[in-house]
Amino acid sequence: MSDQMDSRFHGNDGSSPSSIPANGQVPATFYFNGRPIEALPQDTVASALYRSGRRIFSRSFKYHRPRGLLCVSGRCPNCLMNVDGTPNVRACMQPVRDGMRVTHQNASPSLENDFMAIAEKFSWAMPVGFYYKTFTHPWMWRLAEPFIRRAAGLGKIDNDPNAVTDHPYEHVFLHTNTTVIGGGPHGIQAALEAAVAGEEVVLIDDQPELGGHLRYASSTDDTPETTSSTESPFRGKPHVGLADLLKSVHETPNITVLSNATCFGLYEGKLVAAMHRSAESPAAQRLTQLRTENIVIATGAHEIPLLFENNDLPGVMLSSGALRLIGLHGVKPGERAVVVGTTQAADSVCGALEATGIEIVATVSLEQVVKAVGKKHVSALQTNEQRFACDLIVMCGDWMPDAGLVGQAGGTVAWDEERAVFVASDLPEGVSAVGAVTGEDLPPAIGISQSASANPKKVFVCPCEDVSLHDLKTAIDEGFDHIETLKRYTTTTMGPCQGKMCQQAAIGICADQTGQTIQETGRTTSRPPTSPVPLGVLAGPHLHPVKRTPMHAKHDEIGCVWMDMGEWKRPLYYGTPDSKRESVEQEYWAVRQRVGLIDLSTLGKLDVVGKDAGKLLDKVYTNRFSDLRVGRARYGVICDEAGIILDDGTVSRVAEDRYFITTTTGNIEFVQEWLEWWLAGTGMCVHITNVTGGMAAVNVAGPKARDTLAKLTERDLGNKRFGYMRCRQAEVAGVPSLMLRIGFVGETGWEIHFPAEYGEHVWGAIMEAGEEFDIRPFGVETQRVLRLEKKHVIVSVDTDATSNPIESDLAWVAKLDKDDFIGKAAISRAKDRAPREKLVGFIMDENVLPPDGCVIIADGQPAGRITSVRYSPVNERIIGLAWVSAGLAVAGQSITMRVDGRPVTAQIVDEPFYDPAQARLRQ
Amino acid sequence: MIQLFRKERMWRTHELKRSYDVVIIGAGVHGLATAYYLGKDHGITNVAVLEKNYLGAGNSGRNTAIIRANYRTPEGVPFFARSLELYEDLSRELEWNLLFNQCGHLTLAHTDSSVDGLRVRAETNQIMGVDSRVIYPEEIQKLVPALDMSDRPRLPVMAALYHPPGGIIRHDAVVWGYARACDRMGIEIHPYTEATAISIDSSASRNNANRAPSIDAPEGKITGVETTGGSVATETVVNCAAGWATTVSRMAGVALPIVTQPLQACVSEPLKPFLNKVIVSANLHVYISQTDRGDCVMGAEVDPLQSYSMLGTLPTLEQMATYTLELFPQLHNVSVLRQWAGICDMTPDFSPIIGAVDGLEGYHLDVGWGTYGFKAGPVAGKYLAERIATGETPELIEPFRLSRFREEALVGEKAAAAVSH
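Here the protein sequences line up with chains A and B, keeping their order.
Position 288, counted from 1, in the first sequence is what my numbering calls 288; the numbers after and before it change by one each time, with no gaps.
Position 36, counted from 1, in the second sequence is what my numbering calls 36; the numbers after and before it change by one each time, with no gaps.
Same shape as in the complex, but just chain A (with noise of 0.2 Å):
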């Protein structure tokens, strides 16, 4: 387990078994709407707003209807508000900090009066589907879509990208033996027998404070007592049992326990997702990623609203909603209240009201309600009997387990008809599940029997997106009567509870009225997160990973233009930014006339060894390497099973079962993982190491890189010992190094690679010996003019995912005479049959440098693409490669591109643009 935990996500961790604050702590100061709130210690923001006389948290996302609190812990959309700039925030779950801001969403001016709550008297107007049969042409869409768009959403955000700064956010990775999700009971129990067992446990809980339900609500025989302390004069002993279970969590080393932290996610290979909620700050910092053996759902279970008219209106609350408030926060949540539900029910939620001093002033049954009364508050219950006066309506809804992680971590979600209710069933191994989750201790379910309500537009299913119980019956008889039908058309579940209150409840719906049992009605699928996760944790800590190449510090002692190459930094020219033209002729010159140095730290580098290594190169390279003998390098591409080039570089035999290969900058990981899928399985005896990291390299090049180089070698360096394409090893100022004879900007060089740790040393020391001949260092861009004018192919730049060699003027690294290879068959094929398009030179006739990309039109069409154009100084003259269609790909043709809206013509070339007879290299 890490030991790096920080208290600050860790609420109590279970060390103090009661959330009864500490006598004379201070009480906090918010801000809602720019006006202050006192808070105290155990207040949640919702919770010390509603004590303040609050009673509407937001409005509705289509109707715009005024909502209270319903839940109180975090899964209903009633209370979502800015917090410091957060948006969406649940204020009932956000612990409250001296001088935090806080802001009413989707409600204008205020939430009291909402002048988009007009949306509401044209809801006759507005059925399930409205949007889909209205505006159905598109100029009437047109019109309208801009107003729509500007009235949906719920939070804001700050529009400004550069008023972001830097926020703390952190993965924390972990392993164990057993993971318990869920603090209540059941998962404390889970965690106890797991740690006895010898197992190390970690224990993840959403709440500030082990302990689930009990925490709140009491056991009939422990009815709360009421205290005479002014500060809370409500608020529930906790159960009597939980306070020797936290003792044990506490006592038994191998439990850590993560409180504050949501479980959003498992993923395949048990890899469990908890997210940190930070006492300090609105947005959740920090998400543990925990690798373990056994995962224990314990999730438990949470109330779901009954189906009456007004079911939505502030002052009807779920009970356990009442008593959370009561319990945790010690706030009344009401005066005279009305409770719903079954006798049963009723009366364990009676005590615990009556006991704060709340007058009951009914119990009546789902059946017997025809609404609740009210306009922004609830006023009254009107029963088929009688109007009941009240303030507040304690629905005792049914229990819905919290199954959302088990259908992820693989197991099924299965009606159990006899409770009534969804519970986890066939749960792969490793997987168990505990407590309500699986239906256990769940009161008698009440299912989606009616009340006496006369109109179903006014009964809520979905809070989150307006949905209304009338909406629902219209849509399945409309025909999406498939539970994911329903909810694409009628977006029930699909808003900020994800179907937390609303699913039950659509099933049953959706049951009734197509005939079918609930279990062929199914559920729809539950995806993660289980909770909203803010991009910021996913996202993690704000890290840029950049590679530095040895010589990096060297570079910016002489001053460059930095490019970016994948994650690696490359000088693109030495000089200023303004410089570009001369800087990079200079260099050209330097290369072309005395010698000229270059970083080429960034090729990827491989080492592969063993006897069957020149076998395993003649099956992925096009071209033969088992030949190759020692002391000798060779130009290879490999190609896919289609003919395709993937990569190139070269392939140095450095000893009998040894081979040096360098790679594109950018493939490094692809070459070497292409290698090794083609080794495996194969029985051939071959080892390949990356040494990208571990070696520097760099090309001295130019008529006198011979002259430079010999001051510092023994090596003799002569064309009789050291030809053109040929490697030796070889000490190059005092450090061992693997010399290549190559040359890919066309003049006589090296390219040297030496352990990464002396690259500032070797370098210096070239620079020095090169100071007579006035050597320069060069860039990437001025390289790739070199290259250019030797018509040498940069492999996705000059090629893409059609590529073949045939095509791309590389036909002969493709020795078809060998034995099958990747890609041989394909480019068999390319060989015989005519070219579509071909990859050549050509030089424009006007000096009129076109944009890399440019489109080379023929009759009006495109007929190719100019992949790389430069100017040539040796030529004078702007020369490139281009893809051109076949029949333009001849020497002396004309080409036409456009360039500034003007057509420019240019000539195919066949030979390179410099020294076509290499002479130059070999010297």
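Each hint should be verified, as a subset may be incorrect.
27 Å max Cα-Cα, derived DSS-like pairs, lysine-lysine [stated by the list, open to error]:
1. K142/B to K156/A
2. K457/A to K375/A
3. K414/B to K831/A
4. K7/B to K473/A
5. K272/B to K133/A
6. K7/B to K133/A
7. K272/B to K121/A
8. K457/A to K142/B
9. K457/A to K376/A
10. K615/A to K376/A
11. K838/A to K414/B
12. K133/A to K40/B
13. K824/A to K7/B
14. K272/B to K62/A
Listed next, the stretches of chain B that the computed footprint assigns to chain A, with coverage defined by at least 3 CB atoms under 8 Å from CB atoms of chain A [claimed, not checked]:
15. 54 to 68
16. 354 to 362
17. 372 to 385
If you're looking for bench data, these hints aren't it; they were derived computationally from the structure.
Owing to the predicted nature of the structure, the values given are computational and were not obtained by experimental measurement.
Here a beta-carbon is modelled for each residue, glycine too, at the ideal position from N, C-alpha and C.
The hints should help you fit chain B onto chain A, whose structure is shown.
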């Protein structure tokens, strides 16, 4: 408008008949569009669309609903441009608002080579009449004030391909609209009816001396389809099975150069509007748009491994979040509500396979849609319907024939289709 107050079933249920002129496997946007145009353009309505799940359960309900035509190849551009054109008029045609918001589509480039790639696409698009051009930071910032154009990101935005007619649509609505229109013409839609086998009469092969021996398919003729609802006789079968294209095709003995890989996406909580453009970054492997409801929909690149799993993974979710925040850092405290995956039928050249199959008479493909199938539903359906009805392959879909893989005549759309959905 009148339909607003009329309760009418969108589509009816039917008993499976003994025979149909055409059986289409897969009731997503491709299957339903094919059926719709068979009926509308060619009067062929004795058609059954089979779906093993509910309507639109596959990628039609899982994609990120982006419509655009700014492809790269001379074959791809006119094809997708035609699809865009059909989509533009589809709400009116189907009398069903598809909520098509042509808000404009920006493909961001963060490296030199990506900028070059955009230029190729812009030029090709312009020549072929598609509204598309390369724009630079100042104009990008004006179009998308919320986008981070500073040099703080690891790879700052250098340019973008701006495609004004591109946008987003309500993907489920397209499925429902087509389904309703099919139903009204008498075409039968059979959800929860899985095709389990395809029957072939091998003796019916005509020995056509002029035709090269087929390596793709057995010689023969389609005679029927076995389903979980019983067997039906038909001479024409259309494979529109997306992620299951290869498993369905195996029933007909036709091997396809397709692998199946998952593609993941996620959606945020609803926010007040802050973004009214589709933003795609191929370098960052992410694309993001905000729907009319206010949700931000984000998508990833295709999973690296072949799989039929539709469970999302955590690393991909983390990546989508990371890259989204590179573009819109102010979303850091916006929450993800849901992640999901679809399974994509990937071809080697990132172009689809549409049309008949040499040698096997009556078997038609509309597969290989990879990560970009939704935006081509109408055009693929319309021209495949023409192929089925007339026996002639329309020019627009001819480049996408199965035999192109044998002929090495690939249509390389990787540069424009990978990631940039």
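Cross-check of the supplied hints:
Pair hint K142/B plus K156/A holds up; C-alpha atoms about 20 Å apart against a cutoff of 27 Å. Between K457/A and K375/A the alpha-carbon distance is near 16 Å, which keeps this suggested pair within the 27 Å criterion. Restraint check: the Cα-Cα separation between K414/B and K831/A comes to about 23 Å, which is no more than 27 Å; the hinted pair holds. At most 27 Å may separate the alpha-carbon atoms for a hinted pair to count; K7/B and K473/A meet this at roughly 11 Å.
A distance of roughly 24 Å separates the Cα atoms of K272/B and K133/A; the hinted pair therefore holds under the 27 Å criterion. With a C-alpha separation of about 11 Å, the suggested pairing of K7/B with K133/A holds against the 27 Å cut-off. Of the supplied pair hints, the one linking K272/B and K121/A holds, its CA atoms being roughly 22 Å apart against a limit of 27 Å. A C-alpha spacing of about 44 Å is found between K457/A and K142/B, which places the hinted pair above 27 Å, so the restraint is violated.
Simply put, K457/A and K376/A have alpha-carbon atoms about 18 Å apart, close enough for the 27 Å limit, and the pair holds. Taking the CA atoms of K615/A and K376/A, the gap is near 81 Å; set against the 27 Å cutoff, the hint is violated. Between K838/A and K414/B the alpha-carbon distance is near 19 Å, which keeps this suggested pair within the 27 Å criterion. In summary, the hint linking K133/A to K40/B is supported, as the alpha carbons are separated by about 21 Å, within the 27 Å threshold.
For the hint linking K824/A to K7/B, the alpha-carbon distance of about 63 Å lies beyond 27 Å, and the restraint is violated. For a cut-off of 27 Å, the pair hint linking K272/B to K62/A stands: about 13 Å separates their Cα positions. Counting residues of the stretch 54 to 68 of chain B whose CB lies closer than 8 Å to any CB of chain A gives 5, so the stated coverage by that chain holds, three being the minimum. Residues of the stretch 354 to 362 of chain B lying with their CB closer than 8 Å to a CB of chain A number 0, which falls below the three-residue condition for coverage.
Given a C-beta distance limit of less than 8 Å, the hint that chain A covers the stretch 372 to 385 of chain B is violated, as 0 residues qualify and 3 are needed.
Consistency note: the structure conflicts with the earlier hints numbered 8, 10, 13, 16, 17.
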